[in-house]
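Novice: Going down the list, the protein sequences come from chains L and B.
Mapping of the first sequence onto the numbering used here: residues 9 to 312, in sequence order.
Mapping of the second sequence onto the numbering used here: residues 25 to 364, in sequence order.
Derived by calculation from the structure, the hints in this document are not laboratory data.
Owing to the predicted nature of the structure, the values given are computational and were not obtained by experimental measurement.
Hints may be right or wrong, so weigh each one.
Label pairs and their calculated CB-CB ranges [stated by the list, open to error]:
{"id": "1", "chain 1": "L", "residue 1": "S24", "chain 2": "B", "residue 2": "N31", "range": "30 to 40 Å"}
{"id": "2", "chain 1": "L", "residue 1": "E99", "chain 2": "B", "residue 2": "G194", "range": "21 to 31 Å"}
{"id": "3", "chain 1": "L", "residue 1": "E99", "chain 2": "B", "residue 2": "I110", "range": "23 to 33 Å"}
{"id": "4", "chain 1": "B", "residue 1": "P273", "chain 2": "L", "residue 2": "Q274", "range": "36 to 46 Å"}
{"id": "5", "chain 1": "L", "residue 1": "A26", "chain 2": "B", "residue 2": "Y262", "range": "41 to 51 Å"}
{"id": "6", "chain 1": "L", "residue 1": "R150", "chain 2": "B", "residue 2": "R78", "range": "39 to 49 Å"}
{"id": "7", "chain 1": "L", "residue 1": "F39", "chain 2": "B", "residue 2": "V228", "range": "52 to 62 Å"}
{"id": "8", "chain 1": "B", "residue 1": "R35", "chain 2": "L", "residue 2": "A120", "range": "38 to 48 Å"}
{"id": "9", "chain 1": "L", "residue 1": "A196", "chain 2": "B", "residue 2": "V198", "range": "49 to 59 Å"}
{"id": "10", "chain 1": "L", "residue 1": "R273", "chain 2": "B", "residue 2": "Y262", "range": "12 to 22 Å"}
{"id": "11", "chain 1": "L", "residue 1": "Q274", "chain 2": "B", "residue 2": "V198", "range": "41 to 51 Å"}
{"id": "12", "chain 1": "B", "residue 1": "G84", "chain 2": "L", "residue 2": "A196", "range": "19 to 29 Å"}
{"id": "13", "chain 1": "B", "residue 1": "E261", "chain 2": "L", "residue 2": "A120", "range": "16 to 26 Å"}
{"id": "14", "chain 1": "L", "residue 1": "Q259", "chain 2": "B", "residue 2": "L64", "range": "50 to 60 Å"}
Beyond 12 Å from chain L on every Cβ pair, some chain B residues (computed) [as the list claims (entries may be wrong)]:
{"id": "15", "residue": "R32"}
{"id": "16", "residue": "S39"}
{"id": "17", "residue": "T266"}
{"id": "18", "residue": "R275"}
Built from N, CA and C at the ideal position, the CB exists for glycine as well.
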Amino acid sequence: MATAPVLGTARAWLLSPAPASRTQARFGRWFRAWLGFRRNPLAMSGLGIVLLLVLMAVFAPLIAARQAATLQVLADRLQPASWLHLFGTDELGRDIFARVVFGSRITLTIVAMVGVIVVPVGLAIGLPAGYFGGVVDTVLMRITDIFLAFPRLVLALAFAAALGPGIENAVIAIALTAWPPYARLARAETLTSRRAEFIQAAELQGASPFRIIATQIVPLCLPSVIIRLTLDMAGIILTAAGLGFLGLGAQPPAPEWGAMVSSGRQVLLDQWWVATIPGLAIFIVSLGFNLLGDGLRDSGDARS
Amino acid sequence: MARSLANRAARSLFSVGLTFLGLTCVTFFIGRVIPIDPVLAIVGDKASAETYARVRAEIGLDLPLPVQYWRYLMKVVHGDFGNSVITSHPVLQDLLQVFPATLELALPALFIGVVVGVPMGVLAATHRGRWQDQAIRLLSLLGYSMPVFWLGLVGLLLFYATLGWVGGPGRLDVGFDDIVSPITGMITVDSLLAGEYDVFWNAVSHLLLPASILGYLSLAYVARMTRSFMLGQLRQEYVLATLAKGLSPWRVVWVHALGNVWVQLVTVIALTFGSLLEGAVLTETVFAWPGLGLYLKNSLFNADLNAVLGGTVLVGVVYIGLNMFSDLIYPLVDPRARDQ
């Protein structure tokens, strides 16, 4: 910062070296992280892609007609791109653009559902392990190690095959193999603050272990867990798309991107767009999450 | 020191055993929850209740769960995964037959990943923050984000269908099938052993695209990890000391620093190899490559439970083995790890 912020502005309030309240200090910290993050063009483009994906999913019905995603017009089969069909049509005459737009909802749903399962499970295993130590730690971490040594995709495959194809089962299958890193992370973060004086103060005041974990330790773990989750999102999207490609994810006629690539395989050589465009969507979205997570990790590093 | 090494081996063996138990527990559990009735599959739905009960008892489904698990475990330990429904061979025999094809794909990919990825990671570390670092970071992130099945299709479209530079799906052109009798199961090796050079070059042309694609994906991971390990080394004081002594920077980076990094890289390489094996399901589907992945996928869609679970156990065992290998190799090459 070459020039000192003008007094009285929001910027001055955020960057104040002597915050007057806890809220001000917290917002100030976030703002400084954001200033660092903003200087990273790769990370910013990642943020842009992810925001675009969210907007596309939320406003899907405004961007493309809902029926177009599933409407079969056999007379219009395998049309190349045109003004009427921006990305052409597939082997059943469905508009690929509309399907890609509505497919973003499925992708976001899967990612969000996996995140909602994986983070609490990881915390529930990792926090007690780090806090209590001893036998609890050994048992919980052994279980984590076992799951960590599993081949992820193959196990997800076996689960999806056992539970039957479908989005929910794909989510369960991915979540079952994705939680161990979070448990390890939560344990490591707990260990670093376990002996801190503010924890001891809380203990002396008679706070229960549950209360200490929930109010003191969880907030400390969350930043690194969120960064890890962002970096994992790309992997989750790729695994989900892979399951979809194999026919074990969302079922037709749902416009799932992986399944769309798979159905375009038969006409790859003559109508390349049917398979390549949904695949491009998968690639761009997972690249977005990777760039964003990478940038977040860098600005997280700078803080510590 | 020898004692601590033995200790470590024992501990490692214990955790391997535990992980193996966990793995078989999961596959056993999957075998139980699959909504296919194995009794019905044998007797058919016209059988009387009496026959049904008899067959049920014969395959041991009336026993308590722990006993059933124990029986399953004993079979797995002896390599008995039952018979495949499709091929009607024992699953283990099938697995061993398809495994070399997967290996033939994974080994060159791993080679590319290490030979290209490690120097790239070193370069990124020595040029931290400069354009070389950014370019390599972007290249890695692109690799991380690439759906392998899509990259395979685009590659086939471009290099096979349009440009004709590489062979298409499968391991050989139809005309070259069955010329070489399998010895190792890897066509490139077998054809060289038999002196059939036409077959060899044909096999290479088919191998080129999938191996390069998998190689690129491994390279992304290897380069990334090499960079962060190297940054850790270059920060150390011995680097400064050797430079001050007058050694060339080139020697310090590529010999001294990289020499210390190899230990950590072994783990990364083992993990990469593991992910290549499991990623085979998607690659082999795209390239019609008759290896472990395609076998698993086909079994999956024919409800061939024994084959699916056998394949899962096999990949899991290789995975666990790789983990143990990197765990054990650590103290052998790094004296610092022995004291812990």
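Novice: Hints first: check each against the structure and report whether it holds.
Specialist: Results of checking the hints against the structure:
Remark: the range hint 30 to 40 Å for L:S24 to B:N31 is contradicted by a beta-carbon distance near 55 Å. Checked against the hint of 21 to 31 Å, the C-beta distance between L:E99 and B:G194 comes to roughly 24 Å, which is consistent with it. Between L:E99 and B:I110 the C-beta distance comes to about 28 Å, which sits within the given range of 23 to 33 Å. One distance hint, 36 to 46 Å for the beta-carbon pair B:P273 and L:Q274, is violated here, with the actual separation near 55 Å.
Take L:A26 and B:Y262: their Cβ atoms lie about 42 Å apart, and the range 41 to 51 Å holds. For L:R150 and B:R78, the hinted distance range of 39 to 49 Å is satisfied, since their beta carbons lie about 41 Å from each other. A beta carbon spacing of about 57 Å between L:F39 and B:V228 agrees with the range 52 to 62 Å that was offered as a hint. At about 39 Å, the CB distance of B:R35 to L:A120 agrees with the hint of 38 to 48 Å.
Here the CB-CB span from L:A196 to B:V198 is close to 55 Å, well matched to the stated 49 to 59 Å. About 54 Å separates the C-beta atoms of L:R273 and B:Y262, a value inconsistent with the hinted range of 12 to 22 Å. For L:Q274 and B:V198, the Cβ-Cβ distance of about 20 Å falls outside the hinted range of 41 to 51 Å, so the restraint is violated. Checked against the given bound of 19 to 29 Å, the beta carbons of B:G84 and L:A196, roughly 44 Å apart, lie outside it.
Between B:E261 and L:A120 the CB atoms are about 47 Å apart, so this pair departs from the stated range of 16 to 26 Å. Hint check: L:Q259 to B:L64, Cβ distance near 24 Å, so the stated range 50 to 60 Å is violated. In this structure B:R32 is separated from chain L by more than 12 Å, as the shortest Cβ-Cβ distance comes to about 16 Å. The claim that B:S39 lies off the interface is violated: its Cβ sits roughly 7 Å from the closest Cβ of chain L, which falls inside the 12 Å cut-off.
Residue placement check: B:T266 keeps its beta carbon more than 12 Å from all beta carbons of chain L (closest about 27 Å). Separation of B:R275 from chain L is adequate, the least Cβ-Cβ distance of about 30 Å exceeding the 12 Å criterion.
Violated hints, in rising order: 1, 4, 10, 11, 12, 13, 14, 16; the structure is consistent with all others.
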